[in-house]
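Number of protein chains: 2
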Amino acid sequence: MKRRDFLAGAGLAGVTEIATPALAQTSPTIRWTLTTSFPDYLQVIASGAQAFVQAVRDMSDGRFIIEIHPAGTLAKPLDVLDAVRDGRAEIAQTALHYHWGLQPALVFATGAPFGMNAREQNAFFRFGGNDLINELLVDHKLIAFPAGNTGCQMGGWFTRELRSASDLRGLRWRLPGLTGKMLTRVGVVPTASSRSQVAADLGAGAIEAAAWVSPVDDEALSLWRVAPYYYYPGWWQGSMAMHLVFALDKWNALPKQYQAILRAASDVANSDVLARYDALNPQAVRRIVEAGAKLRPFPQEVLEACWQAAQAEYREMCEADPVFQRVHDAYMSFRNDQYLWWQVAEYPFDNFAIRQRSKG
Amino acid sequence: MKRRDFLAGAGLAGVTEIATPALAQTSPTIRWTLTTSFPDYLQVIASGAQAFVQAVRDMSDGRFIIEIHPAGTLAKPLDVLDAVRDGRAEIAQTALHYHWGLQPALVFATGAPFGMNAREQNAFFRFGGNDLINELLVDHKLIAFPAGNTGCQMGGWFTRELRSASDLRGLRWRLPGLTGKMLTRVGVVPTASSRSQVAADLGAGAIEAAAWVSPVDDEALSLWRVAPYYYYPGWWQGSMAMHLVFALDKWNALPKQYQAILRAASDVANSDVLARYDALNPQAVRRIVEAGAKLRPFPQEVLEACWQAAQAEYREMCEADPVFQRVHDAYMSFRNDQYLWWQVAEYPFDNFAIRQRSKG
Chain A
100 MKRRDFLAGA
110 GLAGVTEIAT
120 PALAQTSPTI
130 RWTLTTSFPD
140 YLQVIASGAQ
150 AFVQAVRDMS
160 DGRFIIEIHP
170 AGTLAKPLDV
180 LDAVRDGRAE
190 IAQTALHYHW
200 GLQPALVFAT
210 GAPFGMNARE
220 QNAFFRFGGN
230 DLINELLVDH
240 KLIAFPAGNT
250 GCQMGGWFTR
260 ELRSASDLRG
270 LRWRLPGLTG
280 KMLTRVGVVP
290 TASSRSQVAA
300 DLGAGAIEAA
310 AWVSPVDDEA
320 LSLWRVAPYY
330 YYPGWWQGSM
340 AMHLVFALDK
350 WNALPKQYQA
360 ILRAASDVAN
370 SDVLARYDAL
380 NPQAVRRIVE
390 AGAKLRPFPQ
400 EVLEACWQAA
410 QAEYREMCEA
420 DPVFQRVHDA
430 YMSFRNDQYL
440 WWQVAEYPFD
450 NFAIRQRSKG
Chain B
100 MKRRDFLAGA
110 GLAGVTEIAT
120 PALAQTSPTI
130 RWTLTTSFPD
140 YLQVIASGAQ
150 AFVQAVRDMS
160 DGRFIIEIHP
170 AGTLAKPLDV
180 LDAVRDGRAE
190 IAQTALHYHW
200 GLQPALVFAT
210 GAPFGMNARE
220 QNAFFRFGGN
230 DLINELLVDH
240 KLIAFPAGNT
250 GCQMGGWFTR
260 ELRSASDLRG
270 LRWRLPGLTG
280 KMLTRVGVVP
290 TASSRSQVAA
300 DLGAGAIEAA
310 AWVSPVDDEA
320 LSLWRVAPYY
330 YYPGWWQGSM
340 AMHLVFALDK
350 WNALPKQYQA
360 ILRAASDVAN
370 SDVLARYDAL
380 NPQAVRRIVE
390 AGAKLRPFPQ
400 EVLEACWQAA
410 QAEYREMCEA
420 DPVFQRVHDA
430 YMSFRNDQYL
440 WWQVAEYPFD
450 NFAIRQRSKG
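Top to bottom, those sequences are chains A and B.
So in our numbering, the last one in the first sequence is 459, and the numbering has no gaps at all.
So in our numbering, the last one in the second sequence is 459, and the numbering has no gaps at all.
None of these hints come from the bench; they were simulated from the model.
Possibly wrong hints are sitting among the right ones.
A pair counts as met if it fits within one copy or between any two copies, since identical chains are not told apart.
Unchecked claim - Below 16 angstroms or equal to it, Euclidean Cα-Cα: the simulated EDC-like pairs (lysine to aspartate or glutamate) are:
| hint | residue 1 | residue 2 |
| --- | --- | --- |
| 1 | LYS240 | GLU318 |
| 2 | LYS458 | GLU400 |
| 3 | LYS458 | GLU403 |
| 4 | LYS240 | ASP181 |
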């Protein structure tokens with residue numbers, strides 16, 4: 100209903116309309132630009148930016164308008180923070196681990212290899228973790244809030260089965276940056292095929308494995324035709340958190356009301372994206388398996404070899420960089436506490452549910 | 100900063116202040132009352148109502164003020180929906196399963212026995228589930244939004260160990276309503292000791308077991324002194340979702356801007372409460388165990404007996420009430436799909452994390 104209907108309406112018990120005080124000011128009208136790292140074909144992530152923009156518009160009564168510029172139009176996907184710093188945009192939607200060149204500890208803003216699951220990551224953010232991330236960003240004149248998560252991703256597509264840790268030696272595997280670096284320690288050859296090339300590269304044998312995202316995103320690529328073994332879990336992305344990153348000076352110049360609206364709208368997007376992945380993944384994984392993909396868990400021995408490689412890499416990075424060490428230690432200590440509790444209530448609850456389900 | 104500083108400030112690149120249009124109206128000033136079912140000693144849940152009220156105040160620039168009335172002052176904890184319907188309050192913070200006398204299907208708004216975990220429940224809410232709940236409430240002139248979750252609760256305190264399903268026979272166990280009803284099928288005698296009585300009742304042998312909430316709430320009761328066995332998981336509350344319930348006519352009379360603000364603020368509370376439980380539970384469970392509690396998993400046979408009892412009860416309730424059946428079927432079908440996916444990525448990720456953690 101329009102506000103004037105509301106003002107004219109009856110039944111206003113509990114709603115007290117008081118005279119506009121002499122100093123009352125309408126909130127300012129603002130138009131901002133959002134640049135994103137994520138291509139539109141990652142539909143659920145794209146819906147997060149849309150949910151954010153819509154919530155801001157609704158909560159500001161149409162006064163705060165944010166225009167989304169698709170990935171690659173205003174800045175290249177990995178250059179979105181530059182675009183915010185040089186004023187081409189006020190907001191970037193991104194995964195902060197893409198920017199670990201700025202500061203390696205930013206990987207913990209997204210969800211590091213063998214890190215936390217999405218819910219634990221959210222608890223970390225709300226109780227100190229996101230402040231820690233913003234300490235890394237303040238020198239770059241940026242401030243960020245969590246605004247989406249894929250949940251635990253898949254391990255990706257393999258042309259043949261992995262039977263032991265020795266199968267990792269020489270394996271040409273499309274993997275994200277830090278994870279690829281870690282796995283060189285066990286002989287993996289990390290690669291970086293683009294989306295348009297990945298099926299051809301797998302088909303031609305140029306690569307033998309490719310991590311992508313989650314079933315809802317993987318389905319469109321039909322990679323089972325060239326690499327039928329679909330491995331899980333994607334332990335390097337037990338959580339892939341996204342952030343909305345703001346230009347700090349423009350953030351600071353906002354009325355507190357608008358800061359509150361932007362933060363709450365980020366929360367809306369944060370919950371929306373995860374819920375949407377969760378709601379859509381079950382049907383997607385079912386269709387993928389029906390189409391011919393063969394689901395396989397990573398063998399325990401493979402996971403343990405990867406774990407050792409990850410710990411060795413973390414140790415080296417901690418020794419090289421006290422900032423990395425500080426964030427790593429805070430993140431891993433929070434994670435270890437989370438799993439202390441997780442193994443008591445959540446995990447046994449899920450365990451029984453899964454057992455009973457498999458019985459039919 | 101104050102808004103007049105903002106208006107006077109420099110550095111407003113990207114912020115366009117336009118002249119107040121002739122028709123511009125300031126948003127109305129509103130004062131509402133919130134009544135809650137939850138006593139203040141459930142501190143995390145209480146913090147959810149506070150986070151909601153604060154977010155609404157901030158996002159409305161101080162124009163929308165909500166006053167929280169503590170449990171029992173304006174209405175008894177189980178009468179809060181009546182208070183909203185008769186105009187004593189505009190909002191109730193409650194768990195809708197408390198009100199299953201109105202409509203038994205409301206149990207699915209909170210998280211039913213052997214139902215979903217908190218994250219799955221949130222996906223359900225966002226993709227049809229909460230609309231289904233509001234269809235149950237519309238005849239009562241109410242509308243509700245999720246605004247908090249405890250996560251999976253504990254199974255509670257036992258004076259002796261449970262070794263088999265036959266130990267359930269005659270067991271006097273403090274339990275919530277529907278769960279108690281289900282477990283009469285396996286011989287449990289459900290009871291309802293108040294908080295101030297539960298330790299004395301356990302100590303005197305009047306009851307032999309008592310479910311409470313989660314470690315962060317359980318700790319204050321020190322029940323390990325009289326019932327040292329602390330069982331998990333609380334399968335009747337894999338999710339305990341709370342809602343904020345609004346008087347429908349007052350909700351409908353609000354400007355759309357304020358509806359958007361109330362919904363986003365509910366989302367803020369929803370995420371806040373779960374994250375706070377997750378952040379605080381690990382230290383609480385550690386202290387509880389150090390104080391002498393003995394952690395025990397429910398034996399598989401006990402869980403299966405309870406599962407059978409729950410399914411039998413659900414079948415009877417479905418046969419008796421087509422509305423219950425419709426919501427039950429939607430909820431359980433969503434749940435089964437969720438666990439199809441959960442067992443692929445999330446569960447194996449958590450499994451490996453817990454294994455490695457226990458190795459040290």
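Hint-by-hint comparison with the structure:
In this assembly of identical chains, the alpha carbons of LYS240 and GLU318 never lie at most 16 angstroms apart, being 38 angstroms within a copy and 43 angstroms across copies at closest. Taking the closest pair of Cα atoms, LYS458 and GLU400 come within 16 angstroms of each other only across two copies (15 angstroms); inside a single copy the shortest separation is 28 angstroms, beyond that limit. Proximity of LYS458 and GLU403 under a CA criterion of 16 angstroms is satisfied inter-copy only: 12 angstroms between copies versus 30 angstroms inside one chain copy. In the homo-oligomer, the alpha carbons of LYS240 and ASP181 lie at most 16 angstroms apart inside one protomer (11 angstroms), although the nearest pairing across protomers, at 51 angstroms, exceeds that limit.
Against the hints set out earlier in the document, a violation occurs for number 1 only.
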